[in-house]
Amino acid sequence: MATAAAHRPPGAQAHGAEDTAVIEAYTRRFDAAVAADERIEPRDWMPDAYRATLVRQIAQHAHSEIIGMQPEANWITRAPSLRRKAILMAKVQDEAGHGLYLYSAAETLGVGRDELLDKLHSGRQKYSSIFNYPTLTWADVGAIGWLVDGAAITNQVPLCRCSYGPYARAMVRVCKEESFHQRQGYELLLALSNGTPEQHAMAQDAVDRWWWPSLMMFGPPDDESQHSAQSMEWKIKRHSNDDLRQRFVDICVPQAESLGLTLPDPDLRWNEERGEHDFGTIDWTEFWEVLKGNGPCNEQRITQRRKAHEEGAWVREAAAAHAAKHTGEQTGETGATRA
Amino acid sequence: MTPPETTTPTGTAAPAGPGAPVFPTAAALALGDDALVLSHRLGEWAGHAPVLEEEVALANIALDLLGQARVLLSMAGDEDELAYLREERAFRNLQLVEQPNGDFAHTIARQLYFSTYQLLLHAELAAGDGPFAPLAAKAVKEIAYHRDHAEQWTVRLGDGTDVSHERMQRACTALWRFTGEMFQPVEGLGLDEKTLTAMESAWLDSVTGVLGRAGLTVPDGPRGGAWAAGAGRQGVHTEPFGRMLAEMQHLHRSHPGASW
Ligand SMILES: [Fe+2]
Ligand SMILES: [Fe+2]
Chain A
4 MATAAAHRPP GAQAHGAEDT AVIEAYTRRF DAAVAADERI EPRDWMPDAY
54 RATLVRQIAQ HAHSEIIGMQ PEANWITRAP SLRRKAILMA KVQDEAGHGL
104 YLYSAAETLG VGRDELLDKL HSGRQKYSSI FNYPTLTWAD VGAIGWLVDG
154 AAITNQVPLC RCSYGPYARA MVRVCKEESF HQRQGYELLL ALSNGTPEQH
204 AMAQDAVDRW WWPSLMMFGP PDDESQHSAQ SMEWKIKRHS NDDLRQRFVD
254 ICVPQAESLG LTLPDPDLRW NEERGEHDFG TIDWTEFWEV LKGNGPCNEQ
304 RITQRRKAHE EGAWVREAAA AHAAKHTGEQ TGETGATRA
Chain B
25 MTPPETTTPT GTAAPAGPGA PVFPTAAALA LGDDALVLSH RLGEWAGHAP
75 VLEEEVALAN IALDLLGQAR VLLSMAGDED ELAYLREERA FRNLQLVEQP
125 NGDFAHTIAR QLYFSTYQLL LHAELAAGDG PFAPLAAKAV KEIAYHRDHA
175 EQWTVRLGDG TDVSHERMQR ACTALWRFTG EMFQPVEGLG LDEKTLTAME
225 SAWLDSVTGV LGRAGLTVPD GPRGGAWAAG AGRQGVHTEP FGRMLAEMQH
275 LHRSHPGASW
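So the protein sequences, as listed, match chains A and B.
If you read the first sequence in our numbering, its first letter stands for residue 4, the second for the next number, and so on.
If you read the second sequence in our numbering, its first letter stands for residue 25, the second for the next number, and so on.
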């Protein structure tokens with residue numbers, strides 16, 4: 004946001020009626036900037052609720068990136084060809100990179116990575132429920148790329164125009180890489196679908212298991228979504244859950260056809276009148292159960308995350324201690340890893 | 025029983041005729057297996073690293089090594105057949121690179137020892153005009169980063185806290201006995217005794233320097249043992265290696281002839 008008057012005066016706090024008037028003026032500026040599609044930047048004044056909403060969303064997104072590494076990392080050591088192994092390693096590495104960008108974006112709102120990780124580890128913040136499903140066969144790596152990264156792109160492309168600058172810019176980078184992941188997943192499934200009968204069956208089974216959870220990634224139906232309306236108003240969110248879900252279904256149907264795989268929904272058909280596909284009813288009971296912690300892998304994912312963090316504590320402490328001993332003499336050190 | 029029809033198996037190179045240049049397959053396998061196996065071990069860290077930046081860094085190193093392995097194995101044959109269908113005794117990697125990750129200090133010590141060796145070796149190969157020169161010239165840049173990463177962490181951990189110092193020292197000592205094997209001659213690499221001896225003393229100087237900067241003691245145990253005469257380059261490996269291969273090869277072997 005370019006308007007200088009909307010910048011938050013350093014250290015300013017609202018006190019009394021006079022300041023209430025000032026806050027109201029700031030709020031008007033903020034609302035006008037959002038309405039005019041200007042970007043809000045870290046130094047701009049913003050309502051506390053806007054900041055809190057962004058922190059919650061960016062943190063959940065960052066956590067999803069790093070928890071999302073687990074189901075796919077599960078197959079790195081078993082990848083069936085060296086080419087696929089390289090692609091998968093690079094993909095899992097990209098997800099770690101996405102986590103880094105997003106934790107940095109959250110930092111611009113005044114919340115550090117350590118604090119957010121604490122909240123993840125103690126269950127006070129969530130990650131995308133999709134990663135609470137297991138990767139049972141190699142084909143699951145393809146299904147995740149095609150469907151889960153595909154759904155993520157559908158969700159995230161509109162976020163490239165999000166009103167908060169650092170988040171929007173992180174999304175531009177992330178979306179480019181996610182679209183690679185989606186194509187690689189598709190290509191992996193295509194190779195299986197055109198492969199031996201066993202490989203084809205493996206691909207179909209993976210799509211059968213991942214299709215419905217992918218549709219749940221767009222969140223509850225619009226009439227049950229807690230935060231949607233306000234987020235739309237603030238232009239953090241640009242489209243409703245149901246609109247994005249419909250868009251995703253319409254993209255996937257022809258792709259499934261060219262893959263030679265069937266989407267596991269007997270009610271899925273083209274609706275000439277609406278110009279989009281009708282599809283079956285999502286099992287929202289499953290969605291809420293997984294969200295509550297009763298999915299197949301909730302416990303496993305968070306336990307592995309906590310364990311990695313706890314077992315790495317001595318490494319981070321060592322790096323901090325070393326840096327503290329040598330502050331001032333480190334200017335020549337390159338590529339130093341921040342703990 | 026009728027004898028099987030004689031057919032030329034597809035994908036197999038025609039046997040070299042008399043006078044054809046002999047390609048140093050054994051050397052390509054030795055270097056390729058080093059890179060393949062260490063890349064695999066580093067890949068095991070995915071999702072388990074102590075800090076997010078190290079998820080990225082360890083994956084970077086693993087990917088560089090996998091890239092090197094694919095070039096080298098392809099010089100010796102079909103990369104996937106070589107990686108997935110050889111038995112344990114046919115692998116020619118150093119025992120050092122197959123050692124389990126252990127804690128982060130063990131992974132870093134293994135990386136310091138190996139990348140210091142690999143950098144010296146590739147600098148030597150890049151300077152020559154043998155078949156490995158082009159690959160080595162490219163790999164030198166990657167390996168220099170790997171070594172820098174290992175050196176920085178060795179110093180951080182050695183110097184950091186009492187706990188990290190002790191862990192780093194323990195790791196350096198535990199892996200020391202696998203470092204003598206690196207300077208045994210490899211058939212077809214074109215490195216004579218004198219060059220190997222010079223490389224070995226350069227390696228000792230370099231590693232001694234890093235350990236010194238980290239406040240760590242240079243281990244005084246033997247750098248090879250009763251097994252030094254056998255060891256990885258001759259296809260004799262340590263117990264954890266078989267289990268690593270079982271995991272790595274299982275899916276590929278379960279679908280004979282399938283393409284992925
Ligand atoms: Fe991602
Ligand atoms: Fe992705």
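Just so you know, these hints were derived from the structure itself, not from any lab.
This one's a predicted model, so the numbers in the text were calculated from it and none came from an experiment.
By construction, the Cβ of each residue, glycine as well, lies at the ideal position given by its N, Cα and C atoms.
Heads up, a few of these hints could be off.
[Claimed, not checked] Examples of chain B residues lying across from chain A (beta carbon under 7 angstroms, computed):
#1 A70
#2 E79
#3 L90
#4 R180
#5 G259
#6 V260
Evaluation of the provided hints:
1. Look at A70/B: its Cβ gets to within about 4 angstroms of chain A, closer than 7 angstroms, so that hint holds up.
2. Against a cut-off of 7 angstroms between C-beta atoms, the interface hint on E79/B holds, since the closest Cβ of chain A lies about 4 angstroms away.
3. Residue-level restraint check for L90/B holds (minimum Cβ-Cβ distance to chain A is 5 angstroms; threshold 7 angstroms).
4. For R180/B, the suggested interface contact is upheld, since its CB lies about 4 angstroms from the closest CB of chain A, less than 7 angstroms.
5. The closest approach between the C-beta of G259/B and any C-beta of chain A is roughly 21 angstroms, which is over the 7 angstroms cut-off, so the hint fails.
6. Given hint, V260/B at the interface with chain A, is violated; its Cβ is 23 angstroms from that chain's nearest Cβ, farther than 7 angstroms.
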